[in-house]
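Novice: Chains as they are written, first to last, in the working numbering: chain D, 1 to 414; chain F, 1 to 339; chain W, 1 to 443.
Only true hints are included.
Straight-line distance between alpha carbons at most 25 Å, and here's what the computed SDA-like set of lysine to any residue pairs gives:
id, chain 1, residue 1, chain 2, residue 2
1, W, Lys257, W, Glu417
2, D, Lys301, W, Asp269
3, W, Lys257, D, Ala247
4, W, Lys257, D, Leu245
5, D, Lys301, W, Ser188
6, D, Lys301, W, Arg265
7, D, Lys344, W, Asn200
8, W, Lys257, D, Asp309
9, D, Lys301, W, Glu270
Pair by pair, the computed Cβ-Cβ distance ranges are:
id, chain 1, residue 1, chain 2, residue 2, range
10, D, Arg8, W, Thr141, 50 to 56 Å
11, D, Arg371, W, Pro310, 57 to 63 Å
12, W, Ser188, F, Ser222, 20 to 26 Å
To give a feel for the contact side, a few chain W residues facing chain D, derived at Cβ under 10 Å:
id, residue
13, Gln164
14, Val198
15, Asp219
16, Pro264
17, Thr277
18, Arg279
19, Gln337
It is worth saying that the hints were derived from the structure and are not from the lab.
Remember, it's a predicted structure, so these values are computed and weren't measured experimentally.
For every residue, glycine included, the Cβ atom is placed at its ideal position computed from N, Cα and C.
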Amino acid sequence: MTDLLRVRDLSTRFFTEEGQINAVENVSFTVEAGSVLGVVGESGSGKSVTGLSLIDLVESPGRITGGEIWYNNADLAARVEGDQPEAVDGDFVDLRRLSEAERRSLRGSAFSMIFQDPMSSFNPSITVGEQIAEAAEVQRRASANPRSTRSRTQGYGLGRMLLDGVLPDRSYTSEESWDRAVELLERVGIPDPAERAEEYPHQFSGGMLQRAMIAQALAGDPDLLVADEPTTALDVTIQAQILDLLADLQETLDMSVVLITHNLGVVARVADRVSVMYAGEVVERGTLRDVFDDPVHPYTKGLLGSVPDIDQPGERLEPIAGNVPDLVDANMPDRCYFADRCPKAMTDCLTRPPEYEVNDGHRARCVLAEREYSEADAVSDERLAGPTDDGAAADDGSTAADGSIASDAEVSDD
Amino acid sequence: MISPRTLRNLRSELSRSLLAKLGIAILAVILFTAVFAPLLAPHDPTEQDLDNANVPPLGFTATENQTSSQMVDGEVQIVEEEVVVNTTTAHPLGTDSLGRDVLSRTMFGARTSLLVGLFGTSIAVVLGVTVGITAGYYGGRIDDALMRFADVMLAFPSLVLAIALIGLWGQASLRIPDPLVAFGIASAEMPENIVLPGTVIAVVALVNWVWFARVARGEALSVRDQEYVKAARSMGGSDLHVILRHVLPNSLTPILVLATIQIAAIILLESSLSFLGFSGAQLSWGFDIAQGRQYLSSSWWIATVPGLAIVGAVVGINLIGDWLRDALDPDIEGQGGAP
Amino acid sequence: MTDPLVTVDGLEKYYYENDTLLDRLTGAEPEAVRAVDGVSFEVREGETLGVVGESGCGKSTLAETLMRLRDPTGGSVTFDGEPVFELSGDGLNAFRRRAQVMFQDPFSSLDPRMTAGEIITEPLAIHGVGTSAERRERAETLLEEVGLSADQIDRYPHEFSGGQRQRIGFARALAIDPEFIVLDEPVSALDVSVQAQVLNLLADMQAERDLTYLFIAHDLSVVRHISDRVAVMYLGKVVEIGPTEEIFENPQHPYTKALLESVPRADTDERSRTVETIRGDVPSPRNPPSGCSFRTRCPELIQPPWLDVPQATFHEIGEFRTRIENGDIDVDLRWEQVGDPDREDRAAFVDSLREEAFDTELPADDEKTVREAIRALADGDRETAAATLRERYRSPCEAIEPALPAGEHPSACLLNEQPEDVETAREEWEADHDAPEAGASSR
Chain D
1 MTDLLRVRDL
11 STRFFTEEGQ
21 INAVENVSFT
31 VEAGSVLGVV
41 GESGSGKSVT
51 GLSLIDLVES
61 PGRITGGEIW
71 YNNADLAARV
81 EGDQPEAVDG
91 DFVDLRRLSE
101 AERRSLRGSA
111 FSMIFQDPMS
121 SFNPSITVGE
131 QIAEAAEVQR
141 RASANPRSTR
151 SRTQGYGLGR
161 MLLDGVLPDR
171 SYTSEESWDR
181 AVELLERVGI
191 PDPAERAEEY
201 PHQFSGGMLQ
211 RAMIAQALAG
221 DPDLLVADEP
231 TTALDVTIQA
241 QILDLLADLQ
251 ETLDMSVVLI
261 THNLGVVARV
271 ADRVSVMYAG
281 EVVERGTLRD
291 VFDDPVHPYT
301 KGLLGSVPDI
311 DQPGERLEPI
321 AGNVPDLVDA
331 NMPDRCYFAD
341 RCPKAMTDCL
351 TRPPEYEVND
361 GHRARCVLAE
371 REYSEADAVS
381 DERLAGPTDD
391 GAAADDGSTA
401 ADGSIASDAE
411 VSDD
Chain F
1 MISPRTLRNL
11 RSELSRSLLA
21 KLGIAILAVI
31 LFTAVFAPLL
41 APHDPTEQDL
51 DNANVPPLGF
61 TATENQTSSQ
71 MVDGEVQIVE
81 EEVVVNTTTA
91 HPLGTDSLGR
101 DVLSRTMFGA
111 RTSLLVGLFG
121 TSIAVVLGVT
131 VGITAGYYGG
141 RIDDALMRFA
151 DVMLAFPSLV
161 LAIALIGLWG
171 QASLRIPDPL
181 VAFGIASAEM
191 PENIVLPGTV
201 IAVVALVNWV
211 WFARVARGEA
221 LSVRDQEYVK
231 AARSMGGSDL
241 HVILRHVLPN
251 SLTPILVLAT
261 IQIAAIILLE
271 SSLSFLGFSG
281 AQLSWGFDIA
291 QGRQYLSSSW
301 WIATVPGLAI
311 VGAVVGINLI
321 GDWLRDALDP
331 DIEGQGGAP
Chain W
1 MTDPLVTVDG
11 LEKYYYENDT
21 LLDRLTGAEP
31 EAVRAVDGVS
41 FEVREGETLG
51 VVGESGCGKS
61 TLAETLMRLR
71 DPTGGSVTFD
81 GEPVFELSGD
91 GLNAFRRRAQ
101 VMFQDPFSSL
111 DPRMTAGEII
121 TEPLAIHGVG
131 TSAERRERAE
141 TLLEEVGLSA
151 DQIDRYPHEF
161 SGGQRQRIGF
171 ARALAIDPEF
181 IVLDEPVSAL
191 DVSVQAQVLN
201 LLADMQAERD
211 LTYLFIAHDL
221 SVVRHISDRV
231 AVMYLGKVVE
241 IGPTEEIFEN
251 PQHPYTKALL
261 ESVPRADTDE
271 RSRTVETIRG
281 DVPSPRNPPS
291 GCSFRTRCPE
301 LIQPPWLDVP
311 QATFHEIGEF
321 RTRIENGDID
331 VDLRWEQVGD
341 PDREDRAAFV
351 DSLREEAFDT
361 ELPADDEKTV
371 REAIRALADG
381 DRETAAATLR
391 ERYRSPCEAI
401 EPALPAGEHP
411 SACLLNEQPE
421 DVETAREEWE
431 ADHDAPEAGA
441 SSR
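Let the hints inform the model, and build the full structure from the sequences given.
Specialist: Printed below as a string of structure tokens:
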């Protein structure tokens with residue numbers, strides 16, 4: 001299977017008053033063409049920011065500070081090669097090295113995104129059809145005149161704005177785009193699409209609106225759809241409908257999907273490959289089977305152990321102790337970020353682990369990929385009580401001490 | 001009731017904002033002047049000195065309209081005499097038409113303005129918050145009734161309402177002996193009473209409580225639906241307990257901010273009333289402006305100096321209001337913590 | 001079997017819209033929203049009764065009404081023999097001590113201006129238990145018990161993480177030694193790893209202190225994990241109730257079955273599991289469907305005695321009928337789409353709509369009826385179109401409201417055992433309605 005996207009060492013930081021927050025740190029993964037990559041993690045793991053970084057929607061005070069995003073598109077590569085040969089590698093183009101305008105022109109046509117809350121993703125005062133038609137219109141104009149889309153206003157110049165004010169009947173969208181909007185609504189399973197297109201967002205239910213948002217995202221025939229918690233706000237019966245729809249669309253349109261979620265069941269339902277994120281890092285990645293049936297990283301195991309099984313309820317859950325760290329740069333210890341919550345922390349964990357290869361395509365950022373756990377090397381809680389937020393560290397009541405930063409001098413010679 | 005975090009926010013916002021510092025400085029100066037007016041004022045503000053009437057501020061000239069017509073060589077000539085006065089420091093800001101010292105009057109006038117501002121706002125806050133929280137917490141018909149009444153109050157122009165109420169109640173005022181004079185700390189020549197214009201205070205409070213009622217009601221409505229209020233009720237907390245322990249403390253921030261803005265508004269209202277001659281106060285910025293109005297063309301300082309004092313006080317208080325609003329903003333204060 | 005601690009009988013809570021002063025003056029009809037519509041169950045001493053349902057099914061309103069945080073519209077709740085809605089004075093005080101609530105939102109459930117210690121001791125202070133030093137000591141013990149440390153007593157809520165806040169909320173509920181705690185979605189705002197910590201804590205405390213829980217949640221796996229018995233709610237009604245094992249292994253109501261199937265499993269076999277998703281959305285409680293409230297989405301809708309078409313076909317026809325009845329189909333727009341604004345070619349209109357509305361082949365008689373309805377629609381006669389379909393495809397589910405019979409594992413569905421009066425009503429209905437002639441024009 002060919003790769004659509006190769007992400008290398010992507011880092012995104014937020015520069016806030018509390019300090020620098022390393023939301024995404026040296027994240028690497030690959031999205032294969034026509035497949036679904038699930039990105040799982042708890043809140044604060046950096047999974048949403050990873051999604052935003054992919055399509056370059058990180059907003060101030062955040063900034064992508066490093067890394068490469070190689071996108072497989074022969075046409076784009078041929079076009080860019082003349083100006084920027086360093087940004088091209090075969091059919092792949094490094095999006096990070098393209099101009100801002102060039103990247104923007106890819107949004108919608110190459111990548112698009114859907115969000116958790118469909119209610120706030122639509123403008124309440126414009127009909128749903130109009131909003132989808134607008135997305136279609138942008139793409140229509142782009143393909144008709146590739147230069148114009150790279151202009152800043154995309155045809156929405158001052159003159160147009162004034163005209164629109166004087167002549168309210170004028171519409172940005174053409175008849176053609178409207179028909180496309182109706183067609184898209186039908187494609188995502190909305191009954192009576194022609195009628196519903198003329199309704200306003202508040203007349204749609206949550207599930208319908210989520211479908212409409214998917215329709216909008218599909219307007220530009222994207223190669224990649226980034227879905228950030230697309231079903232979290234929905235009830236289970238509606239969630240099942242939306243997941244079915246996503247799987248169906250992905251298959252028939254041969255699109256790639258990056259599905260960001262905290263719900264392991266959702267990942268299991270639609271993903272081919274899985275990346276597990278913790279504290280801004282991908283701690284384990286591989287095929288669904290690799291990660292779910294044969295997890296290496298204790299965090300992945302802990303996550304799977306925390307979910308109550310609806311079919312075989314166990315007596316007791318095995319949660320992970322403690323809380324997710326706050327990702328403030330100054331508080332992040334120079335060791336494995338998970339060590340203080342890890343039941344198998346060893347002296348090896350006092351240095352930052354690299355990404356180990358477990359087997360082909362299955363990688364984990366944990367030394368356990370290389371060696372067995374041994375009691376002899378276990379590291380005490382005091383040494384791990386790093387300079388994290390002490391409120392969080394004390395959650396399990398075990399590591400409340402004001403420990404010092406684990407020093408490098410005591411790293412075992414193993 | 002003020003958490004350490006709130007104090008921290010107040011401090012950090014203060015250190016960041018130059019305008020907040022300026023506001024505090026202005027208000028501190030006015031407050032200091034008002035309290036120690038008998039010590040600071042160079043003259044008794046009510047002492048008349050008709051020989052030295054209409055003296056301009058130090059270093060300024062005044063054109064005295066002493067026009068006289070003289071017969072010169074068979075023609076009538078109008079002679080305008082230009083008098084340059086005030087090189088002495090006796091009246092640094094000049095005197096008014098009765099020869100009273102403008103600086104002293106402005107210093108004493110600060111007392112009236114601040115007293116009316118503080119007392120008027122306090123009464124308005126108590127009244128408005130009581131009504132507003134009751135309406136918001138209980139909702140339903142109580143809310144309907146109280147808020148429709150408040151709407152009716154809002155429909156009257158505040159000045160007209162104030163004048164009507166004063167007309168109804170007369171101009172009662174309370175005279176409190178000034179301790180600085182009574183204990184002989186300040187010169188015995190100074191006025192021996194502080195005049196508390198009771199009617200004016202009651203009236204400005206009645207005119208302004210509606211704003212507090214509206215804000216308090218809105219806050220109470222949103223706090224009422226918070227789960228901690230439900231929790232307190234489920235534990236068996238009485239309405240009074242819930243209101244005093246949860247609803248009131250969590251509604252206070254915007255009320256506090258509104259109060260600072262309303263002090264300024266009330267000072268302006270008091271000045272308007274004094275200007276129109278309805279307050280009965282003889283020592284007030286508004287009264288002085290009214291007095292100086294007719295001399296505006298010849299003796300501009302009589303009205304301008306108290307006018308500037310009003311501008312200063314209002315700007316200072318509003319700057320403090322901005323500071324409180326920024327520092328107590330629920331986005332900064334309420335949530336936070338780990339994302 | 002132990003005795004019931006809490007008995008809920010026919011509980012109703014309606015909200016009224018259009019009920020402001022202005023509305024009353026202008027004479028607008030108040031509109032009832034039936035949040036809780038006749039709910040009966042009991043919670044036995046020492047057990048955990050889970051209540052599941054989707055958003056808007058009324059489960060949280062149920063909890064708040066049951067705790068007397070909202071005034072009920074009808075019905076009764078009995079707590080240990082005492083009628084809760086009639087309590088006052090000491091009786092009410094006692095109830096407030098013996099029953100507690102823990103809420104969902106870790107942010108809004110704790111007063112941001114109170115310290116952890118003040119929050120936990122609030123119920124003690126309200127009921128005047130102990131001196132303030134004793135209360136503080138109690139708060140310290142409780143903090144330790146729920147897995148926090150006693151020296152965090154003077155911190156404010158914002159200094160804690162979501163999981164820790166929920167622990168404080170639970171400590172507050174425990175402070176006054178209650179017997180019964182209503183847990184309203186206590187873990188749904190938490191991350192899975194933290195959720196598991198809190199679930200374990202809830203289970204430990206229940207075992208330690210003999211607590212009775214009413215556990216409200218939308219997450220079925222959590223409910224299965226913690227509950228002894230489960231009640232499933234849909235549109236303000238309990239549609240099925242029974243022992244957890246029974247509900248999950250042998251669900252009776254089509255809604256329960258659909259709900260269980262919809263939950264994605266965190267398992268590598270999940271992709272190959274076929275899920276019959278139920279269609280459509282939850283109807284508005286302002287205007288609930290007649291008869292069985294689940295009938296608009298039900299995959300097992302009962303066909304009238306004269307009809308025998310495949311279930312999928314019956315369902316499609318039913319949906320088509322709903323679209324006509326709700327006026328979802330814009331006839332003018334359809335004519336335009338057919339490309340015949342002069343409205344001459346009725347056959348084209350009929351073909352177009354027929355193709356769009358149905359994926360399956362229709363049996364000849366049904367094809368005839370459907371086309372007749374569309375023809376009426378093409379003439380702009382929505383009433384006749386709807387009546388034509390209603391005549392032939394009306395289901396007993398839309399006429400007869402199922403009830404929840406007594407028993408260990410009852411369900412409110414006409415497919416299952418129903419109380420006698422419901423059965424009688426159904427027989428009468430079937431006797432009253434004869435099979436209409438296929439394609440016969442209705443008056």
